[in-house]
Amino acid sequence: MTTAITRYWQDIQPGEAFCTESITISRRDILDFAAEFDPQPYHLDPESAESSIFGGLCASGWHVTAVMMRLLTDTFMTEHIDLLGSNGVSSLRWRKPVFAGDALHSSITVEEKFPAGKDPRFAFIDCKVDVSNQHGDSVILLTTSLMIGTGSEEAAQHG
Amino acid sequence: MDKAPYIRSRWFEDIPVGEFHVFGNHTFSEKEIVDFGEKYAPQVYHTDPDGALDTIYRGLIASGWHICAVWMRMMVDYMERFATGVQDGRRNGAGVGFQDLKWLKPVRPGHTLTFTYEIIEKSDKVVRDHWGVIRSRNEAFNQYGELVFSFVIDILAERRPTERRPTE
Numbered sequence: 001m002t003t004a005i006t007r008y009w010q011d012i013q014p015g016e017a018f019c020t021e022s023i024t025i026s027r028r029d030i031l032d033f034a035a036e037f038d039p040q041p042y043h044l045d046p047e048s049a050e051s052s053i054f055g056g057l058c059a060s061g062w063h064v065t066a067v068m069m070r071l072l073t074d075t076f077m078t079e080h081i082d083l084l085g086s087n088g089v090s091s092l093r094w095r096k097p098v099f100a101g102d103a104l105h106s107s108i109t110v111e112e113k114f115p116a117g118k119d120p121r122f123a124f125i126d127c128k129v130d131v132s133n134q135h136g137d138s139v140i141l142l143t144t145s146l147m148i149g150t151g152s153e154e155a156a157q158h159g
Numbered sequence: 160m161d162k163a164p165y166i167r168s169r170w171f172e173d174i175p176v177g178e179f180h181v182f183g184n185h186t187f188s189e190k191e192i193v194d195f196g197e198k199y200a201p202q203v204y205h206t207d208p209d210g211a212l213d214t215i216y217r218g219l220i221a222s223g224w225h226i227c228a229v230w231m232r233m234m235v236d237y238m239e240r241f242a243t244g245v246q247d248g249r250r251n252g253a254g255v256g257f258q259d260l261k262w263l264k265p266v267r268p269g270h271t272l273t274f275t276y277e278i279i280e281k282s283d284k285v286v287r288d289h290w291g292v293i294r295s296r297n298e299a300f301n302q303y304g305e306l307v308f309s310f311v312i313d314i315l316a317e318r319r320p321t322e323r324r325p326t327e
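Line by line, the protein sequences are chains A and B. So that you can map any letter, position 41 of the first sequence is 41 in the numbering used here, and since no number is skipped, the others follow by simple counting. Take any residue in the second sequence, count from 1 to its spot, add 159: that is its number in the numbering used here.
Worth flagging that the hints you see were computed from the coordinates, not collected in a lab. Model, not experiment: these values are computed from the prediction. All residues carry an ideal CB built from backbone N, CA and C; glycine is no exception. Keep in mind that the hints are not guaranteed to be accurate.
To be verified - Derived BS3-like pairs: lysine-lysine, alpha-carbon spacing no greater than 27 angstroms straight-line:
| no. | chain 1 | residue 1 | chain 2 | residue 2 |
| --- | --- | --- | --- | --- |
| 1 | B | 284 | B | 190 |
| 2 | B | 281 | A | 113 |
| 3 | B | 198 | B | 264 |
| 4 | A | 128 | A | 113 |
| 5 | A | 96 | B | 190 |
| 6 | A | 96 | A | 118 |
| 7 | A | 113 | B | 284 |
| 8 | B | 281 | A | 118 |
| 9 | A | 128 | B | 198 |
| 10 | A | 118 | B | 264 |
| 11 | B | 198 | B | 261 |
| 12 | A | 118 | A | 128 |
| 13 | A | 128 | B | 190 |
| 14 | B | 261 | A | 118 |
| 15 | B | 281 | B | 261 |
| 16 | A | 96 | B | 264 |
| 17 | B | 264 | A | 113 |
| 18 | B | 264 | A | 128 |
| 19 | B | 261 | B | 190 |
To be verified - Quick list of the computed label-pair ranges, beta carbon to beta carbon:
| no. | chain 1 | residue 1 | chain 2 | residue 2 | range |
| --- | --- | --- | --- | --- | --- |
| 20 | A | 91 | B | 304 | 35 to 41 angstroms |
| 21 | B | 275 | A | 6 | 28 to 34 angstroms |
| 22 | A | 80 | B | 259 | 43 to 49 angstroms |
Make the full structure from the sequences, and use the hints.
Set out below in structure tokens:
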């Protein structure tokens, strides 16, 4: 997973947008994630899912956020951006259920950037992330604060 | 624990603002951190214990979304333990969304998180005829007592059936 980093926080500006590849979520994926993390009937059992609020077997909302993270991570790697984590999500809405066979992709738009704090090795960008299915329907919408490397080694040397 | 068996079978109207629960704890193993990282967040600090030493985290840490997934599992297990006859999943509330989610401290292999929630608000809004919205503040503390994770989530709870819609 080592890729040459060529873009740091300084190189990213508000307004810049990225479009991710897409990931198709299979029935197996839905069942596996649900068995491990969210074993509720509408994520595990097709029959009781039919009568649930979703109207069918659908992915856990946290499965969708995990897939969002994979889409975002892969895109930032492809763009050679030094992604160093996140400290939070100011808001997220689950807007539509995700069913087996749905293909998800995402747009990631940089909204704001904030200078480095105490640790000069990274600084923050706020991104709006909109994940859509193959019909173009938005399934989740969130705003997250991402830590992007600045290329500074200072704190690393001082511990 | 006398009231516990009724937690999951209650209607929206029965759930009091201010109710507080310590609902689970979980120890994160290196293997599960790496497994989650490889699937969903393949940065070196989530997937490679040695490579992670050279990052700002100086070691492997769990993906924040892994912490969220474990929060969900703790919550489902808690509700299951106290379920009384609600078998069809109808009264299981779906999440609408959340806000102010913060990952405050890294979670490392061997760390144990304890999860809590408090009901902080009930909205008057009615969703799809028979659901109400319950807002709760959720927090997780590590074994040192440090707050590592918090967020506020809105979850649907089924409203008590009206006389217009008699239950059988």
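Cross-check of the supplied hints:
no.: 1; hint: B/284 x B/190; in the structure: violated (43 angstroms)
no.: 2; hint: B/281 x A/113; in the structure: violated (35 angstroms)
no.: 3; hint: B/198 x B/264; in the structure: holds (22 angstroms)
no.: 4; hint: A/128 x A/113; in the structure: holds (12 angstroms)
no.: 5; hint: A/96 x B/190; in the structure: violated (32 angstroms)
no.: 6; hint: A/96 x A/118; in the structure: violated (40 angstroms)
no.: 7; hint: A/113 x B/284; in the structure: violated (35 angstroms)
no.: 8; hint: B/281 x A/118; in the structure: violated (39 angstroms)
no.: 9; hint: A/128 x B/198; in the structure: holds (23 angstroms)
no.: 10; hint: A/118 x B/264; in the structure: holds (16 angstroms)
no.: 11; hint: B/198 x B/261; in the structure: holds (22 angstroms)
no.: 12; hint: A/118 x A/128; in the structure: holds (25 angstroms)
no.: 13; hint: A/128 x B/190; in the structure: violated (31 angstroms)
no.: 14; hint: B/261 x A/118; in the structure: holds (18 angstroms)
no.: 15; hint: B/281 x B/261; in the structure: holds (22 angstroms)
no.: 16; hint: A/96 x B/264; in the structure: violated (31 angstroms)
no.: 17; hint: B/264 x A/113; in the structure: holds (22 angstroms)
no.: 18; hint: B/264 x A/128; in the structure: holds (23 angstroms)
no.: 19; hint: B/261 x B/190; in the structure: holds (24 angstroms)
no.: 20; hint: A/91 x B/304: 35 to 41 angstroms; in the structure: violated (28 angstroms)
no.: 21; hint: B/275 x A/6: 28 to 34 angstroms; in the structure: violated (43 angstroms)
no.: 22; hint: A/80 x B/259: 43 to 49 angstroms; in the structure: violated (31 angstroms)
The earlier numbered hints that this structure contradicts are 1, 2, 5, 6, 7, 8, 13, 16, 20, 21, 22.
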